[in-house]
Structures are given as C-alpha cells and as structure tokens.
Amino acid sequence: MALPDNQLRQIIEAALMAVDEPMSLDRLAGIFLDHERPSPRRLRETLADIESSCQGRGFQLLQTASGWRFVTAPEVADFVGRLWQEPPRKYSRALVETLALIAYRQPVTRGDIESIRGVSVSSGIMRTLEERSWVRVVGHKEVPGRPALYATTRQFLDHFGLQSLDQLPPIDAIEDGLPDLLAGAMEPNEGTNS
Amino acid sequence: MALPDNQLRQIIEAALMAVDEPMSLDRLAGIFLDHERPSPRRLRETLADIESSCQGRGFQLLQTASGWRFVTAPEVADFVGRLWQEPPRKYSRALVETLALIAYRQPVTRGDIESIRGVSVSSGIMRTLEERSWVRVVGHKEVPGRPALYATTRQFLDHFGLQSLDQLPPIDAIEDGLPDLLAGAMEPNEGTNS
Amino acid sequence: MAELTAAPQQQVELPLVKVAGKPIEKLPEDLYIPPEALEVFMDAFEGPLDFLLYLIRRQNIDILQVDVARLTEQYVAYVEAMRLLKLELAADYLVMAALLAEIKSRALLPVVQADDEEEVEDPRTELLRRLQEYEKIQNGAEHIRARPELGRDFFKAQIQAPEAAPRPHADLPLAELLSAMAEVMRRVSFKENHQVAYEPLSTRARMSDLLERLKPGQFLSFTDLLEASESKAGVVVTFLATLELVKEGLVDIVQTQTFGPVQIGLRDGST
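Residue numbers (my numbering), protein chains in the order written: chain H, 1 to 194; chain D, 1 to 194; chain Y, 1 to 271.
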C-alpha cells in the first residue's frame with residue numbers, strides 16, 4: 001500500500017533534516033518497509049517537490065555527490081556565520097592550488113604537483129587536505145619509489161556543493177590550446193571528467 | 001534600518017536550523033548588528049510566523065525551557081526513528097542454553113544452571129531473559145543467600161507456539177533423535193504431543 | 001648626556017648588476033618596491049613559475065606572445081636585487097634564472113638541425129608549456145575558491161531527530177532452543193559420570209506453579225492446590241511436585257492435628 005504524497009513528503013523532509021549528512025536515494029528508500037517503499041522515481045519527484053517548497057525560506061535542499069541534504073539558504077549566510085566566533089578559515093594559495101591540481105589532474109603524485117607548480121609541496125598541505133578528507137591516496141604509480149597517487153574524494157565534492165567534478169568549470173578551453181607541438185601535454189586531463 | 005519581514009524570517013529560520021540546540025531570544029537577537037536588530041516583540045512575532053509555516057511539513061518549531069529549536073514532526077517520528085534502529089541482536093549460545101535449562105529444569109536457581117552448564121551465567125543473560133518476559137522469579141530457595149528460583153512464563157510458551165511445557169519433547173528424545181524432533185519443531189503450532 | 005637618535009636610514013644602494021655579461025644600470029621601471037618590502041613582495045609568490053606568470057600578466061599578453069628576452073631581464077633583476085640585499089631566496093629562483101638565460105642565448109643562435117630525425121625539445125617551448133599548465137591550475141584554483149563552501153556560504157541544517165525506534169527482538173526458533181538443550185545434555189554426559197535424573201516436565205512445571213501460588217507466611221491446604229478441571233493424573237503431578245519441593249527444601253508440609261488438613265507453605269528462611 002503506497003503512502004499518500006503529503007505523508008511521503010513529510011517523512012523524506014524530516015529524515016533529511018534529522019540526519020547530519022547527505023542521504024542517497026538508497027538510504028532514503030531504506031527508511032520504508034517493503035510494502036510502503038516508494039519507487040526511485042517517486043522518491044525523486046518527492047525530492048523535487050520538497051526542493052521547490054524551499055523558495056524564500058531559510059533552508060534549501062542541496063544535491064551533492066553523496067546525496068541530498070538540507071543547508072541554510074546562502075542569501076543569509078552572513079547572518080548565520082555570525083553564530084560562530086571564528087570566521088571561516090582562509091586557505092593559503094598553496095593549499096588551494098594543490099587542491100585544484102589534484103581535482104583537475106587526478107590521479108597525480110606529489111612529484112607531478114611539484115613539477116607543475118615549480119615548488120615543493122609541504123607535507124603540511126597534504127596532511128591538511130587528507131585530514132579534511134578532501135583528497136586521498138588511490139594507488140601508487142609504478143615508477144621507482146612507487147609514489148602515492150592522489151585523487152579528490154566525495155567529501156570534497158560535498159563540501160563545495162558539487163555533484164560531480166564535471167560541475168567545476170573546465171580549465172582546458174579548446175580555443176586557447178597550444179600548437180600541435182604541445183598537444184601531448186593536453187591529454188592527461190581527458191581523464192579528469194570521466 | 002529594520003530588515004524586511006521575509007528576510008528576518010529567513011535569517012531566524014536558518015539560524016535555528018544551523019544550530020543544533022535550542023536558541024534563546026537573546027541568542028537570536030545576538031545574530032544582528034545593532035542597527036538591524038529586531039525588538040524582542042518582533043522576534044516573537046517572527047517565531048510565531050515560522051511556527052505556523054511548518055504546518056504539514058516534516059519539522060516543527062518547538063519552544064523549550066532553553067529556547068526555540070526545530071524538531072522532526074511527531075507524526076513521522078516512527079519512520080525517521082528507523083534510521084537509528086539497531087539491527088536485532090542475535091541471542092548468544094549461553095543465553096539459549098540457559099533458557100533451555102530453565103524450561104526443562106524449572107524452578108531452578110542460577111547456581112543450578114551454572115552447575116549443569118559448568119560455567120557461570122552472566123547477569124546480562126538473566127536480565128535479557130527477564131526483559132524478554134521469557135523467565136521470571138517464582139520464589140526463593142531456602143538455602144543460605146536465598147537464591148531466586150526461575151521459571152518460564154506464559155509469554156515463553158506463546159513465543160514458541162506451545163500450549164504447555166508438556167509439549168516440549170522429553171530430554172531423552174532430544175538426546176536420541178534431535179533431527180526428527182527439529183523437523184517437528186519447525187511447525188510449533190502443531191504441538192509435539194497433541 | 002645620551003640622546004636618543006633615530007638610526008640613520010639605511011640607504012640600500014644597488015651595486016652594479018651584470019646579467020649575461022651586460023651590466024644593468026637600473027632595475028626595471030616597474031620595480032617600485034622599496035628594498036625592505038622586497039622580501040615580503042617575493043614571499044607573495046608561490047615560486048618562480050608563479051612569479052613569471054605575474055610578470056607576464058602585467059604585460060597583459062598571452063603566454064605565447066611573451067618576449068622572452070624582456071621577461072628574462074625583469075626576472076633576473078628581481079632575483080639579483082634579492083641576492084644583493086642578502087635576502088633569502090629559494091634555489092628554484094636561481095635555477096629558473098639560469099634557464100631563462102639559456103633560452104635567451106639560444107634565441108641568438110641559428111637553429112641547427114639535429115642529425116637524426118628526433119626533434120630536440122626547445123627549452124622555450126617547454127617553459128611556455130609549463131607556464132600555460134600552471135596558469136590553468138591557477139584558474140582551477142579560482143574556480144574552487146569561487147564555489148560556495150560548507151561552513152562559509154551554507155551551513156548544515158540539522159534539527160533534533162526523533163528517538164530511535166526500539167530495537168527489534170531477534171527471532172529464536174524452537175529448533176534452536178532444543179538444539180541448545182541437546183548440546184547441554186551432551187556436555188553434561190561427557191563431563192559427569194553420574195546420571196543426572198530429570199523428572200517429567202509436567203512435575204517441574206507444576207513445581208513452578210505451586211511456588212507462584214504460595215505466598216510467604218501463608219499456608220494452603222493440599223486440596224486448594226488441586227485444579228478441579230484436572231484428571232487424576234493432575235492430582236498425582238501436584239502431589240509429586242509437592243514432594244519434590246519438600247525434598248528441595250522449598251516448602252514445608254504442616255499438619256496441626258491428626259487427620260487434619262495437610263497445609264503447605266513456603267519454607268520460612270528463619271526456621
């Protein structure tokens with residue numbers, strides 16, 4: 001027996017508000033007993049319905065890599081941010097560039113990062129990125145020393161409100177491509193969006 | 001300059017959702033800079049406004065001793081509560097043996113069970129059996145320490161689909177032909193003896 | 001009579017700087033930075049590539065249009081200034097200075113075709129490729145910075161959750177109970193030589209019933225304990241259960257007068 005629309009909406013909304021992390025469709029479906037479980041399509045419709053009901057309110061539904069979660073409305077972020085004594089942490093250029101490099105060129109080794117940025121990468125930066133769970137080691141390059149290969153994580157996408165890496169604007173526009181001679185250098189980023 | 005009603009509502013709503021504890025009027029007022037701060041009366045009106053806007057939604061505004069907070073709507077609490085529900089705990093071998101001994105040897109003391117099983121019986125097991133209403137204390141043995149005498153209950157019989165303890169197969173039979181008995185025991189309502 | 005005087009302003013005179021054998025009379029016009037601030041200025045860069053990109057961007061031209069000779073002059077001037085002021089400078093900057101000087105000197109030489117088919121990589125091309133790649137990464141970093149961020153632009157909305165639903169009871173089939181009993185019996189017979197005697201279950205169950213019905217300090221007659229609905233077997237079971245309870249010291253049987261009613265009561269711990 002299917003649940004009525006308004007009850008379904010209420011349940012999904014309550015669950016998303018009560019849980020402290022994004023919820024996938026599967027996890028949402030898991031709330032229901034077999035006989036009352038809505039189809040994935042009905043769940044999506046309900047989520048779309050909830051999303052539109054947040055117009056003008058203090059919260060909104062955000063879909064990120066891990067699923068759906070409620071967040072406070074960005075237009076009142078300045079006010080809400082005052083609730084915390086400490087201002088949000090500013091990230092150093094080195095950290096953001098390293099993060100961007102891993103995001104756009106993953107998987108990369110620390111050596112790759114250093115050769116592109118032209119300076120050594122401090123262990124502190126890698127540690128911070130790993131502690132924040134934004135990057136992680138996904139393997140080792142089969143070259144002497146077997147250096148670790150880094151990639152970004154789902155938490156990275158979640159933190160920046162992204163569903164996938166595709167949502168980051170491309171940095172390899174075709175028109176600014178170098179002549180043939182340099183074509184080889186453009187290839188590695190093909191893998192970024194897959 | 002006072003903030004417009006809808007912005008004020010958005011800010012208060014977002015703040016209450018961002019903070020994981022009840023917020024007092026003072027704390028809510030503290031979000032605002034001096035020139036934009038609403039009066040306590042206006043804050044209360046805004047809260048009342050938010051409260052009525054939660055009709056039929058998955059959450060509601062609740063005023064507690066320490067202030068206002070959002071909670072999930074009580075009408076969907078059962079669904080959402082399933083998210084934290086622990087899976088059923090398997091009964092340990094020790095528990096099942098203890099229960100079997102009480103069923104066959106009742107009334108027995110914990111000491112009796114221990115001397116038959118050759119190991120001590122944890123209080124946890126006795127507590128679980130009592131919480132489950134499968135066993136209860138029916139008296140005390142008049143020996144030093146007056147240990148409790150345990151017996152099985154009506155709920156125990158109901159759980160296993162028995163009308164009386166007589167329907168449990170005699171011990172000799174269990175020892176000799178467990179497989180046959182188990183086959184019979186699979187249909188508890190049939191009763192072993194009837 | 002001591003008089004506090006301000007220390008004389010250190011006038012840093014830039015000594016003659018030679019680049020590629022050619023003396024540089026003055027620093028490039030765009031180097032307005034007071035020498036004391038030079039270190040701070042240079043610190044703002046993430047290394048020689050970043051610094052080169054800054055110099056290129058200031059000219060507002062595409063990387064591919066860069067005049068390497070001019071770029072080299074500007075770059076070397078800064079590096080020399082740092083060196084002469086005895087300010088610490090990462091070795092990377094010196095390596096880059098050498099590379100730039102090499103590129104510049106090559107540009108003056110006629111192109112020599114290599115004997116074999118292999119192309120010799122032009123260091124200028126390599127440098128421009130690196131600069132372009134780094135510029136892309138800097139753009140990428142800007143894209144990430146521009147993203148709305150959790151904890152800055154939006155915050156988790158989390159409200160009080162309902163109580164967890166009660167933990168469901170695990171299933172315990174009768175088969176499992178019986179196999180547990182069989183297991184206990186098996187262990188007991190292995191462990192002990194003497195046979196543990198078990199009364200028929202009905203007697204055991206009746207013992208529990210009797211204990212429950214008897215209240216401390218209160219005696220019931222044997223007939224009170226009998227159920228009218230039960231057959232003769234019921235009387236026997238109750239009788240056996242009573243005897244068993246007496247044997248185990250759980251109840252006392254009292255007869256106040258000969259042929260009087262047999263009274264059964266819980267054994268008082270104090271007697």
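These are calculated hints, taken from the structure and not from any lab test. Note that CB positions come from ideal geometry on N, CA and C, so glycine has one too. Keep in mind that the hints are not guaranteed to be accurate.
[As the list claims (entries may be wrong)] Stretch by stretch, here's where chain D covers chain Y in the computed footprint (C-beta under 8 Å, at least three residues):
1) 60-67
2) 145-151
3) 164-176
4) 247-259
[Stated by the list, open to error] Reference excerpt, derived from the structure (chain D facing chain Y, CB under 8 Å, subset only):
5) R93
6) Q106
7) R110
8) L149
Against the structure, the hints come out as follows:
no., hint, result
1, 60-67, "violated (count 0)"
2, 145-151, "violated (count 0)"
3, 164-176, "holds (count 13)"
4, 247-259, "holds (count 3)"
5, R93, "holds, 7 Å"
6, Q106, "holds, 5 Å"
7, R110, "violated, 15 Å"
8, L149, "holds, 6 Å"
Of the numbered hints listed earlier, those contradicted by the structure are 1, 2, 7.
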